[in-house]
Structure formats: C-alpha cells, structure tokens
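2 protein chains.
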Amino acid sequence: MSQSGTSASGPTRTEHLATWSANLQFKDIPQDVVQKTKDFFLDWLGCAIAGRHHPAVAAIAQFAKQMGPSNGKSEIIDGSLNFSTSPAFASLVNGASSHVVEQDDLHNRSIMHPATVIYPAALAVAQEVGATGEEFIAACVVGYEVGCRVGEYLGKSHYERFHSTATGGVIGVAAATAHLLKLDATKTLSAIGTAGTQAAGLWQFLLDATHSKQVHTGKACFDGIFAAYTARDGLLGPRDILEGPRAMGIALVPGDTKPEAIDQNLGSDWAIVSSSFKWHASCRHTHPSVDALLSLMKKNDVHFDDIDSIVTRTYQAALNVLGLSGSGETVHQSKFSMGFVLAIAAKKGQAMITDFTEDDLTDSSLREFQKRVSMELDEEIDSKFPEKWQGTVIVTCKSGEKFTESVEFAKGDPELPLTKDEIERKARALATYGGFTDTARVNQLIERSWNLERETNLNGFTF
Amino acid sequence: MSQSGTSASGPTRTEHLATWSANLQFKDIPQDVVQKTKDFFLDWLGCAIAGRHHPAVAAIAQFAKQMGPSNGKSEIIDGSLNFSTSPAFASLVNGASSHVVEQDDLHNRSIMHPATVIYPAALAVAQEVGATGEEFIAACVVGYEVGCRVGEYLGKSHYERFHSTATGGVIGVAAATAHLLKLDATKTLSAIGTAGTQAAGLWQFLLDATHSKQVHTGKACFDGIFAAYTARDGLLGPRDILEGPRAMGIALVPGDTKPEAIDQNLGSDWAIVSSSFKWHASCRHTHPSVDALLSLMKKNDVHFDDIDSIVTRTYQAALNVLGLSGSGETVHQSKFSMGFVLAIAAKKGQAMITDFTEDDLTDSSLREFQKRVSMELDEEIDSKFPEKWQGTVIVTCKSGEKFTESVEFAKGDPELPLTKDEIERKARALATYGGFTDTARVNQLIERSWNLERETNLNGFTF
Chain A
1 MSQSGTSASG PTRTEHLATW SANLQFKDIP QDVVQKTKDF FLDWLGCAIA GRHHPAVAAI
61 AQFAKQMGPS NGKSEIIDGS LNFSTSPAFA SLVNGASSHV VEQDDLHNRS IMHPATVIYP
121 AALAVAQEVG ATGEEFIAAC VVGYEVGCRV GEYLGKSHYE RFHSTATGGV IGVAAATAHL
181 LKLDATKTLS AIGTAGTQAA GLWQFLLDAT HSKQVHTGKA CFDGIFAAYT ARDGLLGPRD
241 ILEGPRAMGI ALVPGDTKPE AIDQNLGSDW AIVSSSFKWH ASCRHTHPSV DALLSLMKKN
301 DVHFDDIDSI VTRTYQAALN VLGLSGSGET VHQSKFSMGF VLAIAAKKGQ AMITDFTEDD
361 LTDSSLREFQ KRVSMELDEE IDSKFPEKWQ GTVIVTCKSG EKFTESVEFA KGDPELPLTK
421 DEIERKARAL ATYGGFTDTA RVNQLIERSW NLERETNLNG FTF
Chain B
1 MSQSGTSASG PTRTEHLATW SANLQFKDIP QDVVQKTKDF FLDWLGCAIA GRHHPAVAAI
61 AQFAKQMGPS NGKSEIIDGS LNFSTSPAFA SLVNGASSHV VEQDDLHNRS IMHPATVIYP
121 AALAVAQEVG ATGEEFIAAC VVGYEVGCRV GEYLGKSHYE RFHSTATGGV IGVAAATAHL
181 LKLDATKTLS AIGTAGTQAA GLWQFLLDAT HSKQVHTGKA CFDGIFAAYT ARDGLLGPRD
241 ILEGPRAMGI ALVPGDTKPE AIDQNLGSDW AIVSSSFKWH ASCRHTHPSV DALLSLMKKN
301 DVHFDDIDSI VTRTYQAALN VLGLSGSGET VHQSKFSMGF VLAIAAKKGQ AMITDFTEDD
361 LTDSSLREFQ KRVSMELDEE IDSKFPEKWQ GTVIVTCKSG EKFTESVEFA KGDPELPLTK
421 DEIERKARAL ATYGGFTDTA RVNQLIERSW NLERETNLNG FTF
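So the sequence lines, in the order shown, correspond to chains A and B.
Each residue of the first sequence is one higher than the one before, counting from 1 in the working numbering.
Each residue of the second sequence is one higher than the one before, counting from 1 in the working numbering.
These are computed hints drawn from the structure, not numbers from a lab.
Using N, Cα and C, we set each Cβ at its ideal position, and we do this for glycine too.
A few chain A residues facing chain B, derived, Cβ under 7 Å:
#, residue
1, A56
2, P69
3, S86
4, R161
5, T197
6, Q198
7, A200
8, L202
9, D208
10, T210
11, V215
12, Y229
13, G234
14, L236
15, G237
Next comes chain A alone, as it looks inside the complex:
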C-alpha cells in the first residue's frame, strides 16, 4: 500500500488528478466520450423517474422539504413533488431515486455505479450556476473520471466492506461540482480532500433489506457538493486524501490499493467509455449468469420446466454481495438473489424492470426453482474481476442432460453496448414503470438528451 503523502518530491497522484480535472475543457473531450455522456445521461434520467415511489425517496424528499429552502433553481426529477430547491437537496433526492430500480450504469473496474451520483449532482449544480450543455458534459466527464479512478484505486477489498459507489462517488461529485464552479486546481484538491474525509457507506443494509442504498447515493451527492462549495469559500481539505498516511487507502482498504489507477492515462483512457449499461433489472453481479443462461436456453432449446438445477460459477465479490440477501423477501432484495433472478429470467425469457413484481415473490414455481440454483467460486473468473465481469452456468435438466455456457462480456458492457434504440426503449420502459405516461414529454426529454451539447441551459429535465 502506497504512503506517498504530500512529499517534496513532486506532485502526488491526487494533485495530478485534481489539476487534470480542473483544467479539462469541453473542446478537449473526444466525440465518443461526449456521446457516451449523453447515452448514460438519458439512461440515468429514466432510472431517476422509475425509482420515485420508493419509501426511502419519499422520506428523503420530506427531509429536503423540511430542512431545505422552499425555492431554488435546482429541480427534483419527479415533477409531481412540485418543488425546486438548492443543488445540495435536489441532488440528494435525485441521487436517491436513481439508485432504486437497479438499472443505473456500472463502471466495471471500480465496481461503481457512477451515473447515480455524478448526474444528479452535476445537473443540480448546473441548474444553479446556469451552465450550458457543454459545461455540463465536461463536468460529468470529470466526475466519472475522478470518481471511478478513486473506486479503482480503493479496489476489490474496499468494495467487500464499502459501497464504492458512495465512497468513490462522493469524490467524483466534488470534482464535477468544482468544475462547474470553475475552481482552480488547488481548490479542486481541497474539494476532493473534504469529500474523501466524508466517504462512507456500509453493506449492512443488504442483510435486512433496509434503505441505505439510496441514502448512500443521495448523500454522496450532498456531501460532494458540500465539499466543493466550501472549498470555493476557503475551507481547506487534506491534500493527500487518497494515499496519505492517515487517508482513505490506509483507513478504508483492508487489502491492496491500486495507486496507478489514480492518474495513469488521464485523457486517453476515459472512465465513461469503459462504463457499462445495465440491461437486466437485477444486481449487476447476476448479469453474466443471466446472459449465459438465456443464451444456453436458446441454443439448446431448454425451457423453464426442463431445468432441474443450475450451478453458476462466478467471482468472489458476487458471492459476498449476493450471499447477504437471504431468500429475497422484497422486490428489491429479490434482485440480489442469484437463484431468484435466474428463475425470473428462465421463466420470462428476460429480467427487465417489469419482470420483478410483488406477485412473483409468492410464485411457488419461482421459489422452488430458486432453491435449485447454487453459486460456486471460479478461480479463473475471479482472477479477472473486476477488469472483466464474466460468468459460467452449468444447467442440469430433469432429463439428465447437462449444458454449460460462459460469457466473456455481459450485455451492456463496453464491448457489447446498448444500441441507441435500446437505450431509448429502456428509458421509455423506466418512465412507464415510474408511472409516467406522457409519451410526448418523454420523447422531448429523449430528444434534448441526444442534443445535450447544444443546450444553453439544463433546466426542465423533469417528468
């Protein structure tokens, strides 16, 4: 583990990252990076409306109403809540609602969901400062880059204990906000430091299906915005919050960190380009197995009722996370049960957002199927994780036949991205799931998303 501190021997990696981040301009961003930023923005917008009815979101919105200002320039995506507020509170609510339905994106190497923290924060701040579409895109690119690099630095062993989306995310939010506030490198470094010393988010909620997941993303937005605004106003943050002797690497990482991830290939290896869409509506750790199972069933003409048992071979982090949710007593928790997710996929031929319902929780055919699914650690697959999220399923049929299928990439991975049409289809489905039926309005928001760099302001992205 590195202990570089803020030595006299030249800038630390964190300083390098902060300087790069403060200096990035829209014109320096390649076109494919801009396109991905728009793809994931639309993808995120759908998630934010889809999650609006969750009780955690309602409680957090109530907190925003009671503790925040009764007016402000920053909008709650769920227009039915009918209030706008300050950026810290708007992002608190939108960050919570976009992490409800397990459909937001993933940056594989850092094991983080960047969209659900970066977009709500950047959007809310952009609305307050009156940023253009170009400025918004540049800030989001910075947020992805800084957040995901921190997540990758913290690594697998950190992820075993902490919800990296929050702990890396808060730093990405600080950097994105700092960019919109046009802070210089020194103040951006302060923002990163103050964000890092607030980094938090434990997995304990998975054990009893409680609501911390949305707390983590909403608060990562709030706390990162706090870090950047206070840095602007003179609050000094620790200068080496990643690698310093009392910093995140030492305190929050039980195993090895990956220091080079902090600043290698800045400006050539873009985090947002190596992010993945989620196609299925379940925990991303189930996706390689779902893809392998659906492919196997199709290839070999195997049907739900034909299957006697399934062994999924996966990586350790999947076993750790999926092993915590028991049998999946709520719809949300059921998306973290490998057995239940494969049951849904096998029975319905897909595992989209509309495929997980309250009724399914008491469907005995699904529950019995679920019991016949087991997970095993695959050393080879584990050695490639998190660079690659691979999976193998071995299906034994009631007939005695046995089939095996492996996937190298999951649908939505950078190597197998969603098409423009699929992104739109998913966004429409998410809006419908969120109970929003104004098709013309959805079309309008889709159109604005595709033309984001030409927008003169970011107002009005509400359903």
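Fit chain B to the given chain A structure using the hints.
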C-alpha cells in the same frame, strides 16, 4: 469481534440500546447527571462562540446560507451571522464552531468529544420542535450515552484511523434527535442504523493543518439529524449497524471491538458523568504531561529557562495523533505539538486559550524549547488507556538536576472536575476570545444554563 447479527435469539445489543434510549425520561435521570449536562452545556456554549472566526466555520456558514432556508427556528450561536435556519444547518455551523478551539469536553473511555456534536444538534432540533429544558436535557443525556457507548465499542484501534467524535457522534446525534422527535424504539433503531452507515472522518487533515476537524463535527450533526428525521418518515436503517456482519465493527475497526460497552450498565453508568472538561486549550493528549510538568515546576521551583530537556512518557494513541502535526505551523496545529504545548505551559505557567497566539509561533525561545521535548511510549500507561489518561514527565535541568512527575488524573477528569466557578471563568474567557464583550449578556446565558431544566424553551442561546 462479535458478529451477533439480528438473530432470533433475542434482541441485539444495539436493539437494547435503542429501546433504552427511546424510553428514557427526564424524571428517570439522577440529579448529578442533570447537573453534568448543564455543566457541559455551558462549557460547550463558550466553545461555540470562541470558534466563530475560523475560516472553516465561515465557509460552512456560507454553505448553510446558500443551500439552506433563509428562515427557520434554529439559531446560529454566533448572532453576528444574523440568520436562523433549519436544525440540520444550524447544527452544521454550531457543530463546526464548537470544535475549533480545542476546549470542548472529552469522554475518556471512548476517546470522543461528545459536547461538540450532541449539544448543537439537540439544541437546533429542540428549537424547531419547541422542546422544554427538561426534554432537551433528556435528549442530550441520550446522545452522550449512545454516542460514547458506540465510541467505546469501536475502541482504540478505530480511533487510530477515524475521528471517533464523528463516527460515534453521528449515532449519538441520531439518538438525541430521535428522542426529541419522540420516535419509538423501532424508529430509533432505524435512525441509529442510518447514522452508522454514514459514519466517516479521517485523520489525514492533521498532516497538513487543513480543516476537516470542523467538517467532521458539523457533518456528524447534519447526518445524524438526517438519520432521525428520515427514520421518522419511513426510511428504514440497518438494524444491526454496530455488530452485524457487514456493519461498523467489521468495516471500521482494524483491531478488537468491545461489544459489552454497547449496553452494559445502562441507566447506572452514565457517559456524561464520566466525561472530562478540558482545562488547557491544547489537544487532550497533551494534558497529562502539561499537568505533570506544571506540578513538577511548582514543587521543585523549576523555571522555563532552567529546563534543558523533557521526556514525556505517554500512551500509543497520543504518539499517533501528536506525531502527525510536525512542528505546528498554525496556532491550531501548534496545539497538537507536545513540545510546543509544554513550551507554552512552561513559559506562561498555563496553557489557556489566550496563551496560544500567532506571535508565539515565531518566538524562538518557545521553538528551541519545543525541540528539546521528546515523547516515549510507556507500556504501563498505555495498558490503562483509554480508561485512564495518565502521563509522566522527566525534566532534565541545565544544572544537571533531574525531576520526574506523574499524574493519575488530568485536571478536568471526572475525578478532578472543574468547580462551578472555574466553568464560568472558562466560559467567560471563551466568549472574550471569540470577541464577544457584552458581559451582561454572557451573565444572562450563564444564568440560563444553570437553570436549564426550568426553561420552557431553548430559544435565544446566541451571542
């Protein structure tokens, strides 16, 4: 390390603590506990006004103004800021300002400063809900109890990496707020869970004299209030955030936890009664050595100029914290340098708030003295820490004479508490240091503090 989880074998320790905390009423609280609550309240009030000019406080107040409501029932202690706001923001500012001057109290066994998180949060919430003095006192007693018990559970090895005042404090704040909101045991448990999953605060700021210390206390207030209000409104927090298999004990404690601290002797061993006043204005880890040195100099008629060198024998945690601040380049950082603090004490005969000045930082006699002070680990002293904060100093004089002095208790410890007169004297000095000169007003606030249980509301505690 315990992994009790939420088993079917009866309530967990955390459930026991939450239930006790939800059920405690003012009439159940012994008179000496009530008295200590008033003592520490006044002590805290002085700290809050004394720290008002710190740049971190200014930046955080600016954040509160920009992100919070422009009106509200909760007051900023520094009346010159001239705004009241929602409880979350008022406590954010007051929590920051009361942890600036290193004069706030200490709970020895948990290595926490409870006042700076519990009082600002409880005061702000009490003002919003219109609580009486009795209700406020009960909530503060609950906050101390829950926060300090969590800090003691997390223990010494946690404190090596985390600012326990924040990580235990946020849970104490949640419990105190839950009490003022009259939440039942189940919702109090949710508040505790949501607080714990936000627990954060690293020591990295000590290395470069940056401002996280005030961020940690202010945010512990904000985050704990968030936890309790959202729990009231239906947000579920993890039920075993302390001892569960993915909870704080596992994720935030590299060494041993002390599970029995969570709930043993509830209602008989009161955290606030075992808290200590800080008499000297330096890091509490220097106090045993300051006391020993002052005693030794008096007993043996030794003066500043007589001293050639000093060896202080102390516990490991002191070495860890005090070893991070280098030579003490700022007034705040100088209070974390054992050598500098002993130099001040030796030269001025005391180390009160007015004894640490900008001029002292460039006083060559102090700087040279500082270099002749060294710290050594004392195994016996270390074995008793943090139950006892002891210290030994060995002074070698220029004459060749050598003296040794040990203290079992520091001035302000529960065994050597401040007198009523000393508490008032300290509060007046703190107000003066904060630039507040209206003596009549200070007298009025002191008088109200001594009669807190008879107050019908908590409004107007501003300077």
